[in-house]
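Undergrad: Work from the hints to combine the two standalone chains into their complex.
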Amino acid sequence: MIPSRFDYVAPASLDEAIAMLGSRGGDAKVLSGGQSLIPMLKLRLAAPALVVDINHIPALAYLEERDGALRLGALARERDVEESAVVRERYPILLDTARVIADPLVRNSATVCGNVAHGDPGNDHPATMLALGASIVARGPNGERTIPAREFFVGLFTTALADDEIVTEIVVPTPPPGSGGAYLKLERKVGDYATAAVAAQVTLDADGTCARAGIALTNVGPTAIEAAEAERFLAHEPLDAGTIDQAARLAAAAADPVEDRRGTPDYKRDMVRVLATRALRRAARRARGERAADAAGRS
Amino acid sequence: MSTHTITVTVNGAAHTAEVESRLLLVHFLRDVLRLTGTHIGCDTTHCGACTVLLDDRPVKSCTVLAVQADGRAVRTVEGLEQGGELSPVQRGFREEHGLQCGFCTPGMMMVATALLERNADPTEPEIRQAISGNLCRCTGYVNIVRAIQHAAAEMRGAAAAVPSLGGEPVQPAETTGATA
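Protein sequences, first through last, are from chains A and B.
Residue 124 in the working numbering sits at position 124 of the first sequence, with consecutive numbering throughout.
Residue 125 in the working numbering sits at position 125 of the second sequence, with consecutive numbering throughout.
Excised from the complex, chain B in its bound form (with noise of 0.2 Å):
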């Protein structure tokens, strides 16, 4: 019970090893799969470095076991070229300058990625909200809201017709709440 073998599909492609329960699914991913585009970085669940998307959604891998991952689809940075071609949030990545030193983008990508599959059109509020868990040291996030909203307008079809920034104000995720 402390080793497991598990078949997990990583990119369209099953891979099956023998992982010890204590296995991080990050590690899997690095160490035995050798794909080493998602990054580990505080590996304490706080900058989302790490995250890939598993079953569609977007997770830590550093904060699940590779044996959760049994039977399940997994994707990561590696997976999102498709023939050769960029997808449309590497794109926008590309196009609005969305990184500088590059550490927090695997992440960032696949939170992009799994929110433009949820919502074709998301308002700037959302697309925050959506990052609020992966951290950038570089950009201040600017170009990075500015890089999916252009992966967005692109997908619509609409490429032409980049919201431009600054016209409205962002609303800060509830916390404290405001007054009556």
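So here's chain A without its partners, still in its complex pose (with noise of 0.2 Å):
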């Protein structure tokens, strides 16, 4: 498969790499890892007159911890958070997260932000950062806007990014102590999109009562889903086994399944309550620092 004729440009710096994204009348694509717009140039589903390849702009390849919050830039690779020691020891749901994406090759060269630019509800960052309560940093003609996770993911592949604005940096703010989260996605193979994936970040008091609860959900909607209802009915609550039953279940009515060939809604929204059920858990147990229970988890 052969994509369509495009221009393309490398920029060395940001700035040019905005007035070039601009100077199409919208009809221009950024290049980051390419994962997702490369194969979606040879299905000819993208056919933009110019690509801007930002892979030359040194200053965007960053994953730092810095000013309570963790902060990938444009260009952190998903191999870049599988690799990452604070990410490992602080963020453990982004780790859960990048593992299951794709394939060890694909994660090579993708980009965290790409993820989340891309507006697929099949991928997999977009819940994290809901559940994570991320932030989106723009830069555009106009200069620099911070959008909130749940203000970014508009409808099926939209975005509340503008045409000629780049995602320069995700904000994930640091969690305070007794803080957990965990991602869980059921996939038919290895590089599949999740039939159903949850999100589930939560921070306990000293009690162990639940004093916030993040829960989004993946590729049961048009967009991923933030299940407010569940982190709602979770707050202030103990986290026990009654209480994430019941979130689970406020979870799954959050869902808003089509059927494919993963399976019907109905199946689906039955597979949010089970991975939402063992996300809340896990979540909870890393927020207790059981490491020994999150180990074996893994298996």
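By construction, these hints were calculated from the structure, which means they are not laboratory data.
Note that the coordinates shown come from a computational prediction; the quantities given were computed from them, not determined experimentally.
The calculated lysine to aspartate or glutamate pairs, modelled on DMTMM-like cross-linking and capped at a C-alpha distance of 20 Å, are:
no.	chain 1	residue 1	chain 2	residue 2
1	A	K29	A	D120
2	A	K29	B	E20
3	A	K42	B	E20
4	A	K189	B	E124
5	A	K189	B	D43
Going by beta-carbon spacing under 7 Å, a handful of chain A positions derived as facing chain B:
no.	residue
6	M1
7	P3
8	P39
9	D103
10	P104
11	L105
12	N108
Which stretches of chain B does chain A cover? Using the computed rule of at least three CB atoms under 8 Å from a CB of chain A, they are:
no.	segment
13	63-73
14	128-136
Backbone N, C-alpha and C define an ideal beta-carbon position, used for all residues, glycine too.
TA: Printed below as a string of structure tokens:
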């Protein structure tokens, strides 16, 4: 499969990239990892006049904890997430997520920001970013703005990003002590999009009650879905078998799946319930620092 | 801007060519350089038959533009043999019957090469994880895993100590997870 003709530029600075992105009346695309864009070009689902390769802008290649947040630059690759000690230590939900995206070869190129900016409901990071309360930093000709994840995913392959804006960074607030998260995905085989997946991030008070819960769902609606009722239900509740079961039912009710080769809506909704139960259990174990249980749960 | 002059180091030799923006790396290798050892399988980023090493990392060359390789180093299956000597990975695939039809083999061997350069003594789950983006429709993967273990042992200078299979259960990649 051969893409349509397009012009290609590889600017060395972000300002140049933004200028070029705006130079074709919206008919330009950003190339970062290329693991979604290039397949779309080949299938001719995308046929932009111009491709702006941002891989020659080294200032965008970082993954670091700074000023109370984990910051993932536009060129932070999935493999960078997998290899990061900081992520493993304090953002295990992000490691869970990166590890189930496509396969190791794709993850050598694919970027976290690209996964989010693409707006595909089958992508895995959007739900995780919703659960973590992350924000997306976008730069355009009029400057920079920060968009909360819950305002970013507008519809199927549609985000709050303007045509001439580039996602430069994702900001994940550092969870307070007593926090833990998990991302669980049901997939038919390695590399498949989720039949359903659930991201859960909880913060427990000293007495074990849930101070905050972030719960979001992958590929059971036109966008990643924040299970807001389940989150509200868990706030100030003890995190036990009964409350987790109820929260998982509320999460399933928030799903809006369609029938496809991965299953019927009823099946997917019930998988959301099962995955939400397990993700909340694992998040709670991690929040309590139960590492042995966590390791056992990886089998 | 729709054509570019690129210089790519392929298996140690610099190649300069004028290419269209839309030319894929796999087509550059096969059609321009005539290095047809890199296969095209699914052409949709799934099967890994087209795997090459780009700056020492395995990538699917059907999902990289040739212009993206400008100024970078590519290694293909043709680069494994050195001075008429098969590489340890190639010898491992031969000794352990790590192929039947051979279509996936170049990609498998490139992934194995990259793995063993980073991890001289991978566990079986690490090997299976490393090849999880490469599909084989013949072997059931058992002999491929064994071939990579053979190569690893040889590279560590302990070819006699190839671990036998079937003892340790294989841990699948984390997906749905286990309950508490």
